[in-house]
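For the protein sequence lines, the chains are A and B, in the order given. If you read the first sequence in the working numbering, its first letter stands for residue 18, the second for the next number, and so on. If you read the second sequence in the working numbering, its first letter stands for residue 8, the second for the next number, and so on.
Each hint should be verified, as a subset may be incorrect.
[Claimed, not checked] Okay, derived cross-link-like pairs now, EDC-like style, lysine to aspartate or glutamate, Cα gap no bigger than 20 Å in a straight line: (1) K152(B) <-> D300(A); (2) K392(A) <-> D270(B); (3) K172(A) <-> D198(A); (4) K152(B) <-> D351(A).
Keep in mind that the hints were calculated from the coordinates and are not lab data.
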Amino acid sequence: MRLTALDEVSERLGLKRGQGLAEARAMFPKIDVVDEDGAADQNLLEAIADWCDRYTPLVALDGREGLFLDITGCAHLFGGEDALLKDILGRLLQMGFDVKGAISSSPGLSWAACRFGRGGVIADQVTAEVLAPLPVNALRIDEATIAALYKLGLKRIGDLLPMPRAPLARRFGMHLLLRLDQALGHNEEAISPRRPVAALSAERKLPEPIQAEEHILQLTSQIAISLKSELEARGVGGRVFELVLFRVDGRVFRIAAGASQPLQDPKRISSLFSERLNAVHDDLDAGFGFELLRLNVLQHDVFRISQGDFTGNGDSEISLADFIDRVSARLGADCLQIAEPKQSHVPERAEVFVPAIASRIVREKTEEIFAFMPKSDRPLRLFRHPELVETFAATVPDGPPRRFRWRRIVHEVIRAEGPERISPEWWHDAEEAEERDYFRLESEAGRRFWIFRAGHYVAGETAPTWRVHGIFA
Amino acid sequence: MAEHATAQETLFALREQIARLEGKSLPALAAAEQADSAADPEGRKAKDNQPRLPFGITQMDTALEGGLPLDGITEIRSLLMGDAGATSGFALSLASYLKARQPNEAPILWIGDVVSTQEAGIPYSVGLKQFGLSSRDVLYASPRKLDDALWLAETAVASQALVAVILEIRGNPKHFGLTESRRLGLRAKAAGRPLFLLRHAGEEEASSASFRFLVEPAPAAHRHLPDGSMLGGSIGHPVFKLTLEKSRNPAPLSLLLEWNPHDRQFSLSRDAGEAFSFRNPPAHPGARLPASADRQDRAPALGAVMAFERAS
Chain A
18 MRLTALDEVS ERLGLKRGQG LAEARAMFPK IDVVDEDGAA DQNLLEAIAD WCDRYTPLVA
78 LDGREGLFLD ITGCAHLFGG EDALLKDILG RLLQMGFDVK GAISSSPGLS WAACRFGRGG
138 VIADQVTAEV LAPLPVNALR IDEATIAALY KLGLKRIGDL LPMPRAPLAR RFGMHLLLRL
198 DQALGHNEEA ISPRRPVAAL SAERKLPEPI QAEEHILQLT SQIAISLKSE LEARGVGGRV
258 FELVLFRVDG RVFRIAAGAS QPLQDPKRIS SLFSERLNAV HDDLDAGFGF ELLRLNVLQH
318 DVFRISQGDF TGNGDSEISL ADFIDRVSAR LGADCLQIAE PKQSHVPERA EVFVPAIASR
378 IVREKTEEIF AFMPKSDRPL RLFRHPELVE TFAATVPDGP PRRFRWRRIV HEVIRAEGPE
438 RISPEWWHDA EEAEERDYFR LESEAGRRFW IFRAGHYVAG ETAPTWRVHG IFA
Chain B
8 MAEHATAQET LFALREQIAR LEGKSLPALA AAEQADSAAD PEGRKAKDNQ PRLPFGITQM
68 DTALEGGLPL DGITEIRSLL MGDAGATSGF ALSLASYLKA RQPNEAPILW IGDVVSTQEA
128 GIPYSVGLKQ FGLSSRDVLY ASPRKLDDAL WLAETAVASQ ALVAVILEIR GNPKHFGLTE
188 SRRLGLRAKA AGRPLFLLRH AGEEEASSAS FRFLVEPAPA AHRHLPDGSM LGGSIGHPVF
248 KLTLEKSRNP APLSLLLEWN PHDRQFSLSR DAGEAFSFRN PPAHPGARLP ASADRQDRAP
308 ALGAVMAFER AS
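Chain B extracted, bound-state conformation (with noise of 0.2 Å):
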């Protein structure tokens, strides 16, 4: 019988400690913290202290169990290459958002690719400035191989010096496996620091990332006019097709999350209905070219016709 005792002992202690690798709560572990939170309740309120970055939005913070986590590697994913633009931004909009929720002075890294870099392009100051990011909140680090981008990355996020790390890598490379990946994620953990993994035109893959989002490209949100109006054809703050690919939540969960740089926070997007049809335009659109932006209307054109509009 104590044999049996010392069993389960053992075995309680090997799920305790697969549990806490894993960070859930085992319901065995909930009903030790539950005793030990009864005999010290402030002890309690220190250990469920695991850092979340709350977005503001119902929705996504309940789908997130509380907001994105900041000490573990969340993976952002786009099917194509193309999509950089809306990747990069999500990626980059959630570093600022971050940024100014923590008022110290420590910047991120962008730990770029090289391929990508020369499909993309490499992030401008001068944008990210008006994204939310001024030009010393961003350091660039472009290794040469994935070895180095792995070992900058892993450095990064130990040194507890930068606010976020993001890697930037191109599809499925073999060396970025679920064992470098989770090397990393314990790093994160230790440090407590986030590590956004960008990848352009990837699978879905087993990973260490508690999150992953599948980033998509969405119309822009209009611009607003003072009186609270939007101004037609205009484009505004950019907005983001997210789908929640991996979370412990099995519901899935899409949404379109438009980023604000002037405030540096994240709201749905107002016109989340029409725009999922967006890529099935109508048939005869009308005005599809509006008027300029800055002022009232366009005069009309003067020059010769050099080509007539789409006869289908």
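So here's chain A without its partners, still in its complex pose (with noise of 0.2 Å):
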């Protein structure tokens, strides 16, 4: 066992990374020594990048305890970059993280400025001499070449600068000179951000925490005003939102709501909200308050302005999708179906469930698909999955029943229509699937019922089973 990461007492003890536990136990027997455990700490610096959030939507995981935060552009938001550092690390230090941190122009040199230097905002000028009393490790090497380099003498990032490059990039490799590049910003370094970026977003930041649903409700409303003119100036309107909310302790929810057509009505975005807030009522611990509300348009589509006529009727279709919406929003996308047509002469597969959020049908209103419609009666209920039936007297090859059990219950067959052949589609089916032959039957009841026989009655053979597929009216 060997020891895997130190806090500041120890490290001042003279401990190190990667020493024997047994070792360190025999120099300092008193120390407190925790099992590592890797899923947490991933967990934990998860955590941290969600709450980075706030300043960027650009946050990268850096291995296993380092992050990257893209502020372009975002610097001026928080009163420059100095600020902007002070405000992360404070932040961070009251939460408990001792966090060291650098701003550059390259991920390269922050990268080594916070873990081998002062850190804090290095000016694009000073890039050489801040790099330069820094040791090769800062390069982000492997270590053959570190000891290789070290070996030769070369301990710092300033002894490889004066060097030419053709000879190191032949002893070295080219990994060495892209690192060096990298860190010094002559070759772009892109990192790569755990989500995506939202299309658009806006935030209310709040001097004093909410917790109440109503009160979050209202200012989804109030940040969805405000995207409403950089909706209508792209002539897109949102299909998914998703609501972030950055709690007063550091912890971030997120909350995403679907739309089946794009919005762009600020009260029908805080409506998907308020419905989807009732569903995740319990998982949403607001706890001393939410202090940054944000929200992000992740899909968009272009919205087609449609103007009403007078009789009022176009109001119809707004509720439809507002309904769909909803429910899809409170229930799930799953909830709410609608049966697509699709072209099959097999029962089973001449359908299809489609989430009515997510349908062509509803939200184009496209004429009627084309799909293959029987000339023979289909029932009006049909079973996922057939039913096995005992069946009695058939008529030998190709009849119907005379009686069968369903259930338990024997039915008397009193009226017969068929048999309808329905062949499977070699396509799909496996060569040994079976033809059917589907029968009407009308019980002494008034009972009617849509049964098939899956194959044929061969002498010699066991008898082909029957099934109950559906029912009729």
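Two chains, two separate frames, one set of hints: put the complex together.
Now the structure itself:
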């Protein structure tokens, strides 16, 4: 067992990372050792990254103990880079984290400056001066290269800077020069943010945290109002919205809500969230309140402005979309579905259920999709899985049964229509799939069933099975 | 004396309020309305305009006081889960009938019950199309809990975005009592939209539904041939045996109603008389299995006889 992380006190004692536990115990018998929990560390880092979303939408994880924040265009919102850094570090310190931070024009330089230098804000002009005294470890290169460089006496980055590039590349590979260029800012390096950047986003910072749901909704509609002009300018409406709630103690809640039609109207946007908040009511622990609310538009679509007529009929379309949105927000998108026809003559494949919120039929009012429409009658209710029935006295080879038992009740057949043969689809089904002969049967009680026989009566083989597939009105 | 008059007035106002809640017309209220109408003849017409859906069948419309109310709950009940075909058929035919008479694009909403769906299947869009409802006309909801279903029904009715809402429930759940039904009924009244309550295998129960039908399956009508005759032994338009269990009209009504999916029209079943004795079929029904519908006659069976007809 080895030491993987140290606190300030043990660092001051002279313990090192990677040191054997037995050795450390021998030196200092009283040290407190806790087993490493990688997953918990990762969760903590992600929670901090979530919290950092308040500064910029572009937050990337860096290994197990670092975060990259792309603050391009964000610093002025917090009073400049110095103030921003001070704010982040100060707040994290209040939460009990000992954090080092640096702001520079390249991720590599920031990385080096916080781990091996003094951190802080580094101006573009002094890049080389800051970098020169740092050890070569600050270049994010592998151990072997570091060891080789040390062997040659190239211990500081400053030693590498004046050297000719070609021999360095030949000896240590292109990676070293790439890292050097990245640190100097000659080579653009992209960070990979954890979340996609929202197309549009607006937020409200609160001097006094809020807890009540109605306050959250009220604020949401206010934020939506400020989004509206931007949506209108782009000619789009939001399809998926995300409300990000930053709690005072650093926890972040994200609540997403979808809409079946592009939305611009602040009232409808906030009503989406009123259903959503109802649904997530128990999971949303307001604690001491939320201090920052942000509304993101994650997906948008072209907004078709329609002019209402004087009859006032145009409202029904809006209210239907609104209804679908509210239900989907509260009970989930799968709760409300619509059956879209498919081209198949096999009964159970002739329709597919699609969430109404995503359905083309509802949204675009497309003309009727062409689908196979059988000439013979189809049942009103279809079973997902045809149920086995026991038949008696079926006319052999291709007649309907006289009597059948389904769910322990015997039904006498009074009238029958059929057979209608439905062959399997060879392009979907296996070769041994059986043909079905469907019959419409009416029992003596007046109930009507749709029953099929899978396969045929063949002398010398077991009798084919009968199943009930649906019921008629 | 003046005190007495005030008390009377208060009482009258309260009675009026109750009558209005229950949708009834008090004699005094009617008199007041008449007085109103004398002053303003056009106003009466607007007030009297309670939305109704006439069936076009005199017997039915008289019993329903002009037709099915379009601003309240109508309960459709079956005795057994096995009659689900007939009950859902009647509810969907009502929806289809209504949809045919309201030329707008709004769909109907089917709020399914999980267990009923397992027991009786899901409404099948191809079958519905043949029944008179195209696939875009029907939205399916499958809430997991009854509370969600009730919320859904309430929201759907209040949104006024749907032609009709069909709420399917099984039995008489405790959480759906008079209070909930009253709440739904008030919503429906305020929004002016119908709610069909489909109760499988349920008992009679006090509710705010203005009418309650008991639906039982009945033998289907025969298929029509082009020359106007009937094709014997065929299974044609569905027929429902309806019993009006709850209405303001004390006389019970029981009839056989035939639904014509093609014309989207109800009619009284032609062989209403004989069908009632159907449950006791004659001892020797003769040829019970008719020829197939789509050809002239069946060729004699070729294969070996597997089983003989029932002896008795």
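Evaluated hints:
Between K152(B) and D300(A) the CA atoms are separated by roughly 19 Å; this keeps the pair inside 20 Å, and the hint holds. Among the hinted pairs, K392(A) with D270(B) is consistent with the structure: their alpha-carbon atoms are about 17 Å apart, no more than 20 Å. For the hint linking K172(A) to D198(A), the alpha-carbon distance of about 17 Å falls within 20 Å, and the restraint holds. Taken as a hint, the K152(B) and D351(A) pair is honoured in the structure, with Cα atoms around 14 Å apart against an allowance of 20 Å.
In this structure, none of the earlier numbered hints is contradicted; all agree with it.
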